[in-house]
Amino acid sequence: MTGPRFTPDTLRPTAEQVAIQTATDKYIVVEANAGAAKTTTLALRMAESAQWGIPPEKIIALTYTEPACDALRAALKKLGVPHDTARRFRIGTFEQFATSVLKRIEGGAPDMLLTPQALRPHVLAALQHVEDNPEERHPDHLLFPAAGDAMIEEFLQQSLHLKGTLQLDVELEEGGITPDSAEALGRNYALLKAFRVYERQRCRGSVDHPLFRGPGDATYDLAQLIWSGNLERNAPGWPVGIRTLVLDEMHDMNQAMYVILDRILDTNREAFFCGAGDRDQVIHKVAGADARFMGTALEDAGRRKVRRCPLTASYRFGRRLAQGASRLAGKPYASNAEADTAVAVVPYDRAGLCEETIVAAAQAWRAENRRHKMAQFAVLLRHGYQSVALENALLNAGLPYITAGFDSYLVRPEVLLVRGLLAVATGDFSSIDDPDTRRRIVEAFVFFGDVTITVRDHEQEDAPALMARAVRAVTDDPSILPMFFENQVLRNAAPEVRRRLEAAVAVARDHTGPGVLPALLQALQPRELAARVLVGVGPLRAVEANLAGLLRSAEGHASAAAFFQSLNQAERLQRERRQADCLVIAQVEATKGLEFEHVLIPHLRQDTFPDRDTPFDEERNLFYVAITRARERLTLLVHAQAPSRFVADAGWKVPAVAQ
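Numbering (our numbering), first residue to last: 653 to 1311.
Hints in this document: simulated from the structure, not taken from any laboratory.
Hints are not guaranteed to be accurate.
Only pairs whose alpha carbons sit at most 25 Å apart, straight line, appear in this in silico BS3-like list of lysine-lysine [stated by the list, open to error]:
(1) 730 with 937
(2) 1025 with 957
(3) 1305 with 983
(4) 729 with 1025
(5) 678 with 937
Simulated restraints, written as ranges between beta carbons of each label pair [what the hints assert, rightly or not]:
(6) 1139 with 776: 27 to 37 Å
(7) 760 with 885: 53 to 63 Å
(8) 921 with 1018: 53 to 63 Å
(9) 986 with 777: 50 to 60 Å
(10) 1129 with 1180: 38 to 48 Å
These numbers were taken from a predicted model, which means no experiment stands behind them.
Backbone N, C-alpha and C define an ideal beta-carbon position, used for all residues, glycine too.
Please put together the full structure from these sequences, using the hints given.
Structure representation (structure tokens):
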């Protein structure tokens, strides 16, 4: 080992970091605790390689998520790596890497269908094919585990896991899928048959020229090409001459990603590898994420000798939070932070108290002194729908905010649908004066109406082109919205959908006063409307919660029109304030790799966080991620009668509610 050649501008690396930065071992795996600066350490490793004269183009960084890519770029900038050098590093997710390689191989890109709604018709076709197959040899075993949209949700989750694990490629013996082989794999026989049909339809019989790709499919398709031996060593787009490869979020790697990583290392034998992860931050098990790939996989029967390096001490947070993280994760934790982190456990026992507490804390944070930036004040939510009441409370208090991991409820499709229906009914477009809002309203009409746009004399244009034409027209001139609603949405919608939309518009035209909105929603029956186009229990629950929050928000306004005018004003203020210093409302998953001075986690109730519909160990990891984002303060808002067990697991007591 020699001394480092790269000296960062803004920090003095620890002995652990220097050891990783300067190690001459070919393969390094970094076992990091949360807050121990693993991303910064990987950035140091990249900067060191560049300082040794390796061209930045020969240095690759791979991650699981795009926020991790952003965090790595930010770390390089903070270390003082010259901009011209940093921009030449090849930083991307596994999915982006696979997409780039496949595009060169295939000579183009297939359609991207990235939502369950877009994939729904293809899933239904595969399920129907399996049910109707007259040549099925085991019809008595065709027992699907659910029905309707619940079946589609189950299929997509199982499909994501099958692709991430490559289970059928790795474990299925020759002879195809049988009830016995499905049982041996721990899978439902009917679902496996449907998966095979779906993949044949998606790939049109050719794995390297698919009809479309969904989430994670590029990684899966490239891994399959490699696993089956069908990817040539000199395939176009495949990286050669790589000298340094770093991997962040190694704990979330799945089998498909590992196959790609293994091939990169195999075809770039001169490359130095450094991967870093935290086994307690695995939150993507549904996609096959498995911390075992941080284990002995790289050694691969002695082919590679791996050195393991620790990053043990947190520099993000202090002793008390480190002790809680240690108890929760069941592993040693130290803190080298300059100051301790204050941990406050605050009970609540009624609706609205979480929001009141957050507003008071945000106002106090802003008032304390000028060194506190609002962007360092973050509220982390387990579910996006929990933001509705919070956003209203912040808007009423004049506190600017931005959201991460979900849209503001002001522009969620179901809310925009209602805003658009009211505008159509009244002919008043002053409450949708922002062009982007009008664009989203057109998209909400088409989505919930489940319609395909048609235009005379433009039959040769495809659906996306016609949609873009309609969006441009309404965006430029909102007075066109009623005509679009009449000629496109109502004309092309299914009869039962048309009846609901017409009934809602009639209510908005004929009623006045504060009761309009409840009556409009009663006529619209939004849950039934959403059930036609949304897949899964979670999204439907979110629609109901968002609209219930909308109704509560409208209470006290003289009319629905007055309420939506106030929403429009709030939306305008939010657009203006976003250039200023705003607090952050984020879903926990969106904050991996990030940190804030003050973190608040509300709604810590046993059936909410942990969520009753998610595996317990994944919920524990999410809570671990959430609490370890804090630097100076952590505030936990815990239900007094049904507290989340995670609080006690971390060793923190819930005080009694003050009388």
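query: Checking against the hints above, which ones are violated?
result: Hint check: 1, 2, 5, 7 and 10 fail, others pass.
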